Amino acid sequence: MASFFDKLKEKFSAKEELNTELISLDEYEEFVESQFVTEKFKKGLKKSRDNFSNALNNLISSYREINEEFFEDLEELLIQSDVSYNTVLELVDYLKEESQRQNLKEPSELQDMIIDKLVEVYMEGTVKSELNYAPDKELSIFLFVGVNGVGKTTSIGKLAHNLKKEGKKVLIAAGDTFRAGAIDQLDVWAKRSGADIVKSHEGADSAAIIFDAIQSAKAKGYDVLLCDTAGRLQNKDHLMKELEKIVRVIKREVPEGPHEVLLTIDATTGQNGILQAKTFKEVSDVTGVILTKLDGTAKGGIVIAIKKELDIPVKLVGLGENIDDLEVFDPEQYIYGLFYKEKSEEEKNEYLKKITYSNLLDKATQEEVQKELKNAGVSEKNIKDFLEGVNYFNNIGQNKTFVKEGFKTTEELSPTYDQAEIQEQWSKKSPKFVGQNCRITSYELMRDFISVGKPEIKNTEQLFIDEDALNNFPIKVFTDSERNQFESLFSAINTENTKDVSVHVKKVKEDWAKKNIKFTNENKISLVSVFFHSLITPEESFLFIGHVGVLVPTSEGKLMFIEKLAFQEPFQAIKFDNRSQLNDYLMNKYDVEFDQPNARPFIMENDELLKGYRLNPNNKG
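In the working numbering, the protein residues as written are 9 to 629.
Keep in mind the hints are simulated off the structure, nothing from the lab. Bear in mind the structure is a predicted one, so any value in this text is a computation, not a measurement.
Computed list of lysine-lysine pairs in PhoX-like fashion (alpha-carbon distance at most 25 Å, straight line):
| id | residue 1 | residue 2 |
| --- | --- | --- |
| 1 | K316 | K619 |
| 2 | K259 | K286 |
| 3 | K507 | K597 |
| 4 | K462 | K484 |
| 5 | K436 | K484 |
| 6 | K172 | K301 |
| 7 | K113 | K583 |
| 8 | K566 | K597 |
| 9 | K515 | K619 |
| 10 | K382 | K392 |
| 11 | K515 | K462 |
| 12 | K416 | K566 |
| 13 | K228 | K199 |
| 14 | K286 | K249 |
| 15 | K176 | K226 |
| 16 | K514 | K462 |
| 17 | K173 | K226 |
| 18 | K408 | K597 |
| 19 | K177 | K228 |
| 20 | K619 | K113 |
| 21 | K301 | K199 |
| 22 | K379 | K389 |
| 23 | K526 | K466 |
| 24 | K484 | K382 |
| 25 | K522 | K507 |
| 26 | K259 | K207 |
| 27 | K379 | K583 |
| 28 | K382 | K416 |
| 29 | K177 | K145 |
| 30 | K437 | K371 |
| 31 | K323 | K145 |
Make a model of the complete structure from these sequences and hints.
Quick look at the structure:
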């Protein structure tokens, strides 16, 4: 897990030099703003971070071994941090399973895994939540709901301020006519933010006030209308009728509105806030959460609880009392702020020291890889075929960028090679044979553990280079039956035009189920595939395995990832401590395109999403 935070810290905290030839003034201003916002998250979550991190460190240091009592205390710690009960049970069950599978003995070995799983729970299906605006400069209407005292009025004022800074013309509707002083308080915030306000007297009809505000906003060309509502909960039926009436009025005047129904929750109220949220979700179509006073709680798990229990995105968070302290919620910055800790230079480099790689050039390294493959159940024939391919490639010459002997510690997350030199040498050696790629190599090792019941279902349009390689191989590597299965397994998969990775994962599972693709020996060896989403036209898109490798647990407790890189790049065997490191390695290499219309890459281990999968934090596209 360390790499996730190291990379985030590197992105958001490192001093970067401005190259005016490569970066625009707008881009530079965006970079400066990202530094500022991230510092806010870091400072705003200090109370939560100190409480959780200290408690977790104390718990881990108090146990010499992993046992049932340790897991019971961990459960209690997480529940006290407002992580939802169901999430806690899921996390602890996962830790028990992984500690047994990896034969872990000391609680310290679980620390990164705990954070990793919490990140996974929140990030699953999550994208950066932005406010939904009306199209084509039409009036956007945001309806604010929530109980009294949670910071609803303050949030309206702060959001109005942010919108004004963006150049938007903002109107506020003082629809909370129930609470004494609510109108006056909102009036003060309207003046502070520079927004205009439509108001009446206490006890007036809220729907009528909002109706008047809509008419004024439409007549005077306002961009955004922020509508306050009463926050009473003691009479749910009355609240429901009032909100239903308000929504009816809005939809009659602006059929697409309200564009957001924002529920305000006080982070310091913990599980009580969740109960409030459930009630409001019952009486209104809540589209997002504003979480206030996040800087004042020692229980940062509330954000995870909201995501897990309510499945409503947190869209805005309050990180202080100043008018500028309402921020768009960014899951990455939240996680970074919650678990961030300053590291020494030695600690910063520790992650890279744990990753070693080899190009399988020497006999001793080949024997080590051969042993691990044999332990994983790979047949002697398949190992022999694999090593023949390795030696055929490596005999092109002693490229200076190759690891000559053993396993070498990486100096960067993705080792780099002199592709031009390798290509020149390869062309001289084998002008007709393009070489072996990742898909051929992986299937060669995995073919005894993959069955394709219906290999006739296939789309080989994207496999033309693979077909050329197989047709010109010095030897026949696959039987006709194996080749059909290979082509079906790696076929392109039709999918939807969406950036939602969960949709694409579902499409992969459906396609493989239709082909009756099954994986065996999963505890000893697995296929790790990086899927890419290709958008040909708005109506036509597909998924394709752009890179793939084989993962085996080693006798020393590591995970060995065996891969063939591009045709003009060598074989690699890389040792990782866990799947999080593997994820970071692959996503750092392939999740690099900025602001693309298609979905970001995702990683499958056999037919499931890789545990610990997350996007490359260095790519903000």
